[in-house]
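Chemist: Using the hints, build the complex out of the two chains.
Heads up: the protein sequence lines correspond to chains D and B, in order.
Following the numbering used here, the numbering of the first sequence begins with 1 at its first residue and continues without gaps.
Following the numbering used here, the numbering of the second sequence begins with 1 at its first residue and continues without gaps.
Derived from the structure by calculation, the hints contain no laboratory data.
Every value quoted in this text rests on a predicted model; they were computed, and no experiment measured them.
A couple of the hints might just be wrong.
As the list claims (entries may be wrong) - Pairwise CB distance ranges (calculated):
id: 1; chain 1: B; residue 1: Leu365; chain 2: D; residue 2: Met104; range: 50 to 60 Å
id: 2; chain 1: D; residue 1: Leu314; chain 2: B; residue 2: Gly390; range: 24 to 34 Å
id: 3; chain 1: D; residue 1: Gly111; chain 2: B; residue 2: Glu434; range: 21 to 31 Å
id: 4; chain 1: B; residue 1: Gly430; chain 2: D; residue 2: Phe246; range: 18 to 28 Å
id: 5; chain 1: D; residue 1: Ala295; chain 2: B; residue 2: Arg393; range: 26 to 36 Å
id: 6; chain 1: B; residue 1: Gly390; chain 2: D; residue 2: Ala247; range: 19 to 29 Å
id: 7; chain 1: B; residue 1: Asp282; chain 2: D; residue 2: Thr153; range: 53 to 63 Å
id: 8; chain 1: B; residue 1: Leu412; chain 2: D; residue 2: Glu194; range: 38 to 48 Å
Unchecked claim - Examples of chain D residues lying across from chain B (beta carbon under 8 Å, computed):
id: 9; residue: Glu99
id: 10; residue: Tyr146
id: 11; residue: Gly320
As the list claims (entries may be wrong) - If we take Cβ atoms under 8 Å as the criterion, some of the chain B residues that face chain D in the derived model are:
id: 12; residue: Val67
id: 13; residue: Ile71
id: 14; residue: Gly93
id: 15; residue: Met98
id: 16; residue: Ala109
id: 17; residue: Gly117
id: 18; residue: Arg120
id: 19; residue: Ser122
id: 20; residue: Trp347
Backbone N, C-alpha and C fix where the C-beta goes; we use that ideal spot for every residue, glycine too.
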Amino acid sequence: MPTVWFIIVSVMIAAYVVLDGFDLGAGIIYLFAGRTTDDRRTILRSIGPVWDGNEVWLLAAGGTLYFAYPQLYASAFSGFYLPLMMVLWLLMLRGIGIELRSHMENPVWQGFFDVVFCCSSGLLAIFFGAALGNVIRGVPLGSDGYFFEPLWTNFRLGPYPGILDWYTVMAGVVALVTLTAHGALYLTLKTDGELGIRARGVAMTVWPVQVALTLLSLVATWFVRPSIKENYLAYPIGFLIPLVVFASLVMLRVATGKGKELQAFLASCVYITGMLVGAVFALYPVVLPASTDPAYNLTIYNASAAHHGLIVGLVWWTIGMILCVGYFVFVYRMFRGKVQLEGGGY
Amino acid sequence: MDSAALVHRLHFAFTITFHYLFPQLTMGLAPLIVVLKTLALRRNDETYTQAARFWARIFGINFVIGVVTGIPMEFQFGTNWSHFSRFAGGVIGQTLAMEGMFAFFLESAFLGLFLYGEKRLSPRAHWWSAVAVFLGSWLSGFFIVATDAWMQNPVGYSKAADGSVQLSSFWELVLNPWAWWQYAHNMSGAVITGAFVMASVGAFYLLWGKFEEHARIFVRVGVIAGLIFTILQVFPTGDSQGRMIAHKQPVTLAAMEALFDNTPGAPLVLIGQPDVAQRKIDNPLVLPKMLSFLTYRRWEAEVKGLNNFPPDAWPDNIPLLYFAYHIMVGLGTIFIAVMVVAALLLWRGVLFRSRWMLWILLLSLPFPYIANTAGWMTAEIGRQPWLVYGLMRTSEGYSKLVSAGNGLFTLLGFMGMYTVLAILFLFLVGREIENGPVAQPAAAH
Numbered sequence: 001m002p003t004v005w006f007i008i009v010s011v012m013i014a015a016y017v018v019l020d021g022f023d024l025g026a027g028i029i030y031l032f033a034g035r036t037t038d039d040r041r042t043i044l045r046s047i048g049p050v051w052d053g054n055e056v057w058l059l060a061a062g063g064t065l066y067f068a069y070p071q072l073y074a075s076a077f078s079g080f081y082l083p084l085m086m087v088l089w090l091l092m093l094r095g096i097g098i099e100l101r102s103h104m105e106n107p108v109w110q111g112f113f114d115v116v117f118c119c120s121s122g123l124l125a126i127f128f129g130a131a132l133g134n135v136i137r138g139v140p141l142g143s144d145g146y147f148f149e150p151l152w153t154n155f156r157l158g159p160y161p162g163i164l165d166w167y168t169v170m171a172g173v174v175a176l177v178t179l180t181a182h183g184a185l186y187l188t189l190k191t192d193g194e195l196g197i198r199a200r201g202v203a204m205t206v207w208p209v210q211v212a213l214t215l216l217s218l219v220a221t222w223f224v225r226p227s228i229k230e231n232y233l234a235y236p237i238g239f240l241i242p243l244v245v246f247a248s249l250v251m252l253r254v255a256t257g258k259g260k261e262l263q264a265f266l267a268s269c270v271y272i273t274g275m276l277v278g279a280v281f282a283l284y285p286v287v288l289p290a291s292t293d294p295a296y297n298l299t300i301y302n303a304s305a306a307h308h309g310l311i312v313g314l315v316w317w318t319i320g321m322i323l324c325v326g327y328f329v330f331v332y333r334m335f336r337g338k339v340q341l342e343g344g345g346y
Numbered sequence: 001m002d003s004a005a006l007v008h009r010l011h012f013a014f015t016i017t018f019h020y021l022f023p024q025l026t027m028g029l030a031p032l033i034v035v036l037k038t039l040a041l042r043r044n045d046e047t048y049t050q051a052a053r054f055w056a057r058i059f060g061i062n063f064v065i066g067v068v069t070g071i072p073m074e075f076q077f078g079t080n081w082s083h084f085s086r087f088a089g090g091v092i093g094q095t096l097a098m099e100g101m102f103a104f105f106l107e108s109a110f111l112g113l114f115l116y117g118e119k120r121l122s123p124r125a126h127w128w129s130a131v132a133v134f135l136g137s138w139l140s141g142f143f144i145v146a147t148d149a150w151m152q153n154p155v156g157y158s159k160a161a162d163g164s165v166q167l168s169s170f171w172e173l174v175l176n177p178w179a180w181w182q183y184a185h186n187m188s189g190a191v192i193t194g195a196f197v198m199a200s201v202g203a204f205y206l207l208w209g210k211f212e213e214h215a216r217i218f219v220r221v222g223v224i225a226g227l228i229f230t231i232l233q234v235f236p237t238g239d240s241q242g243r244m245i246a247h248k249q250p251v252t253l254a255a256m257e258a259l260f261d262n263t264p265g266a267p268l269v270l271i272g273q274p275d276v277a278q279r280k281i282d283n284p285l286v287l288p289k290m291l292s293f294l295t296y297r298r299w300e301a302e303v304k305g306l307n308n309f310p311p312d313a314w315p316d317n318i319p320l321l322y323f324a325y326h327i328m329v330g331l332g333t334i335f336i337a338v339m340v341v342a343a344l345l346l347w348r349g350v351l352f353r354s355r356w357m358l359w360i361l362l363l364s365l366p367f368p369y370i371a372n373t374a375g376w377m378t379a380e381i382g383r384q385p386w387l388v389y390g391l392m393r394t395s396e397g398y399s400k401l402v403s404a405g406n407g408l409f410t411l412l413g414f415m416g417m418y419t420v421l422a423i424l425f426l427f428l429v430g431r432e433i434e435n436g437p438v439a440q441p442a443a444a445h
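Chain B on its own, in the form it takes in the complex (with noise of 0.2 Å):
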């Protein structure tokens, strides 16, 4: 790999998954505020009226830095990846222009009202917007999974006589299985995010002994949120989705198992670390036969491994793939185990006297967003050395008039610049918590 590509690589690497750090909780928060919104026109009680526009003021802050770091991805398609843009314009065009017309014109309009209109507006028209923001939010998640489920699993296209390829089905391209079980398993993904959130702050008043009428529903409605959703994350979104990988991309199934000998009735490695030079796992902790049954639903059934695959064919990065996919595996199970003990002592009515568990919801604030980065680069370097799977290399795709050194330069400047945004964003949600739910909003402008 020369340095160009690398500097490529990091470039989108970075800016993306600093981007998504911001997305999830905005798709994760936007239901959940319309459930708060829903709770308060129905029972008429103020308390869910400030619940509902505490959030909305934390969701306004995540949102303009979720806002001006999306910008440059649909940018960069152009700028870095201009091979790949000029190979499959004619196919991912469709949905990232899509993604403009139907997600971010809707979510653009209502913001506003949603976030300063509560005055202008009636109650119900005030819900409505909110209603329109977590629409709008959700299309722009499912049109850019659907580009990533293109690039996983190419459908509804023909190959040009320019090289390139072009658009031959619209409703394949739309209707792309991958794309489903991926956005459900993305979605899911984005609501444990917010439900954690939202837990977390309730369970920070809660210890912190303020807010607690409020803190009490902000851990109501995470942890019942959350128990739905860290289920359907395993399954069948995260059951579907290992198993659709295991049937189009068996060589990405093996590496983010470390799985080099086709291996019937297949363990599944809990902890180890692979050693892909030796082509083994060090320290291996198993649950045999497990890793056949869920892929294939028989104990006994083979499961192919990397040394079935020549090297070039292998993801470039395989230890990193195994620790992505371990990592947001191991996590899901945790948040699964956190939810259901949390849910039952919510169910007991000894939830919000057990400072233990709300410590442990309060710590548990960052996972959901490592787990969903893990998730993504599981996707992303699983699908590798395939920029499109099984038509476009990553090295085939990148700029190639756009050299190292300028490509470094902007990579810097992201990284500055997204330094002090991490750094506003901290201090700024960091204030709205410490103010609480009851403070009157700052004068929007």
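So that you can see chain D by itself, here it is in the shape it has in the complex (with noise of 0.2 Å):
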């Protein structure tokens, strides 16, 4: 039962990064594809309706992961406090810069919020790798289970290392520009005219650095948690997701030249969730490696909530889903399509 939540769990945070994340991608390129107030407006419109949605994959993950892994969450929340706390400002700036924007048509008003939402999306491309680096790193737990990271140490690697150091900036800017190839095929997908070109050239541009740093990231990996391989030496069937990371890096560079916006934006989907997998298949059980000692590892079978409790939500975990998935594809199909600046609503 533990392994089904951690299932679960893992699903609605890779739903949560592919989705909110081509929202946070538009957010990051926003100031640079959108130069006329016009671009901006398509831009806003392309995501508006949905952004709320996506975020709160990230509320109903949180939830999920508090009751199924209450140690977990009570652990994990409290010692990244700080940076999650800098998470829930820039989450906060970053919706009342797309909402509130709209409501007044002043040129100064609208730039203040244009740099906002443009700022918090990428900051918050970064805190979300380097959080992930974190958990892939290993955090300082003691033998009671908690721990505090400090913002950053000496940037090194150690058993007692900060939130910062170069392994998780790194997976800071891996996510940053993984997200921003993945908002520019968003809007390549979303939009038409200058800004639908302008959109796919970053893509383009994107795409290389992306590769680099796919591969650079999986070797670092390797170097700080070499115990990533055991889980892959024994399930070889493993191996298939860093070819499906490849396949779809190649597949979403040729759909992208060919202009196959669909296709395009699938592959990143695809990518992001194959990394995402990747890094889950290498960790389990554990859900939070100890960078102390080994014994200390979080893991599904000490963290998880009681059995009962566990089956119980299962039942109501399925009609949630079923209701959500509705609400998504009902909404997704309501907003189909380019974006049309004409006409009302967003």
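Modeler: See the structure below:
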């Protein structure tokens, strides 16, 4: 049963990154791709009806994590106290940036919220990448299952690292680049004209960097956590994951080159999912590795809620998920196609 | 209390108090907007459509602030109250996760359609999107109240070997009697806020002499809803809530009333200042025997006083609890009076000309917010010194590794951020009210 919830929580986090990833990415390239007021309104309209729903995946994943692994939730959230609070502030700024901008036609007002939206999107991507980096690298868990990480120590690895060291900074940059490409591909899909061409240009330019960083991150992860190979060696089917990752990268480039917008965007979704699945596959059954002593690792067994609660949860989670998929299909269908500025609504 | 415990309590208290200013209007306005949209559909009248659109614009601004200030609440269970989360997550993780799965997805999916999809949808489909947003916000309210109700009256759990509590009965958790009375009381309170805000804005336009056709709708809907829910707020919801406290948390009841001695035929204190050191009330103004009657339905029943309980079982801030409770009850009583008089004038057909009453409605705007806040303070301060009643003390629940300095750093950060949000909110809503219900909505994005 803890394994089932491990999969469920991983799926929800992946859904969050894929979905909110494209509106974060749209935010990252917002100032660059959106040169004119109309461009910017088009970008906002392309994510306007869906960004809030996408962000709910973060809340729902958080809630599900809390429910399934209270010990992990308690330990990780208090241990990552400072960066999480900053993430919250960024999420707030980003939310008001998107939603309040359109309430006044004043260029100073809009210019301010443009910058807020763009910067908070970029910083959030970096923070989320660094967070994942921390989970892979391990945190200084004590024997009581708690830790508190400072923002940085000496930027090196070791039993007592900070939130930011060279590895997690690299993970942050990988996330930034990945989501930039992801957002660019989404905008290519959803907009046309100059804006669409510019967005496509971003995706093409970023691609070599993305490939290089993917390779670098694999090598670095191997170096930082040699134990990641254990699961892969035990279950060689896992080697399919890096294959899928690279295949999707190639696919992404080819499809973008040929102007197959939907294929390119889907390839980016597969790429992101593949990267996350690769990490999760390597970690299982550990959910939060200890940099201090492997005996202090939090695993799906010592961090999960009791059996009865997990069974009950499976019932309502399934019902909730069916409803949720229904809403999403409905909303995305309502707002399908390229964004047009004329006509009401977003 | 060492200072880290204090900082973590203030952190949660500040962020939740500020946050709840917004959802109460969201949950209160949502059903009223559905009423306006229903009337618009039934009567095929453009004025009602414009009225609904106007409130949807205010709802939208209010919702954004509610969402962005709500996200930190879920996080803070883990960041600031990690020992509590580890202890109780096996139970309340259920209700909190269900809020995400059932309420947030529903709300967020249909909010975009409701706010910006009016031209894409048929009137009936748009009406459904308003209903979906209403349902989503009310479901969200239920899961949060059910979580708090479990902390007030823990049910459906068993103790695990590692000292944590785990779910033993899902239905006991969601059917917790505390949850249902508290939910009814809380949602009624939210509708009161919505009703007063709507009536107040209507009164403002009538006094101003602008948008009078819309204003009459606002006042009428606000006063009728206000009359119904101010009465429901006291009876049966408030009354049942009070008797539940008397039954399950007798020490809390004694502290709310600042009743120190066991008293047969206990009076209800209207005004007075508790003096905890001397264990008495200064300058009391009382209704004799009323407390006994309200609590036990017998004039001579004995109500247990604080002296009956060891001081370490007393709520740790009795004066604040006492005042929060009395402000809530006092305002609740005044609300009934305001709404009864306004409804009489409405019935007689003179309300829209009674400038004095319109002034009262206009100026009453902040008070439902105060009463709702005071009500939650009563519930939460009244539960002290417990975090989970009878199971975990507040002093045991906070994150021991997050120092007072780190907690204060982020508390100050939130204060700064929320000041900005408050200014933006008041500015934007003020503009919407100034522009009035006839104005075309600003081009969304």
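Chemist: Work down the list of hints and note, for each, if the structure agrees.
Modeler: Each hint tested on the structure:
1. B/Leu365 / D/Met104: 50 to 60 Å: This hint is violated: roughly 24 Å between Cβ atoms.
2. D/Leu314 / B/Gly390: 24 to 34 Å: holds, 30 Å
3. D/Gly111 / B/Glu434: 21 to 31 Å: holds, 23 Å
4. B/Gly430 / D/Phe246: 18 to 28 Å: violated, 55 Å
5. D/Ala295 / B/Arg393: 26 to 36 Å: holds, 31 Å
6. B/Gly390 / D/Ala247: 19 to 29 Å: Given about 58 Å between the Cβ atoms, the range is violated.
7. B/Asp282 / D/Thr153: 53 to 63 Å: At 56 Å between Cβs, range holds.
8. B/Leu412 / D/Glu194: 38 to 48 Å: Cβ of B/Leu412 to Cβ of D/Glu194: about 44 Å, so the range 38 to 48 Å holds.
9. Glu99: This hint holds: D/Glu99 lies near chain B, its Cβ roughly 4 Å from the closest one there, short of 8 Å.
10. Tyr146: Since chain B brings a Cβ to about 5 Å from D/Tyr146, closer than 8 Å, the hint holds.
11. Gly320: holds, 3 Å
12. Val67: Where the cut-off is 8 Å and the nearest Cβ of chain D is about 6 Å from B/Val67, the hint holds.
13. Ile71: holds, 6 Å
14. Gly93: Nearest chain D Cβ about 3 Å off; hint holds.
15. Met98: It holds, given that the least Cβ distance between B/Met98 and chain D is near 6 Å, below 8 Å.
16. Ala109: holds, 4 Å
17. Gly117: holds, 6 Å
18. Arg120: Holds. Min distance 6 Å.
19. Ser122: At 12 Å from the nearest chain D Cβ, B/Ser122 fails the 8 Å test, so the hint is violated.
20. Trp347: violated, 38 Å
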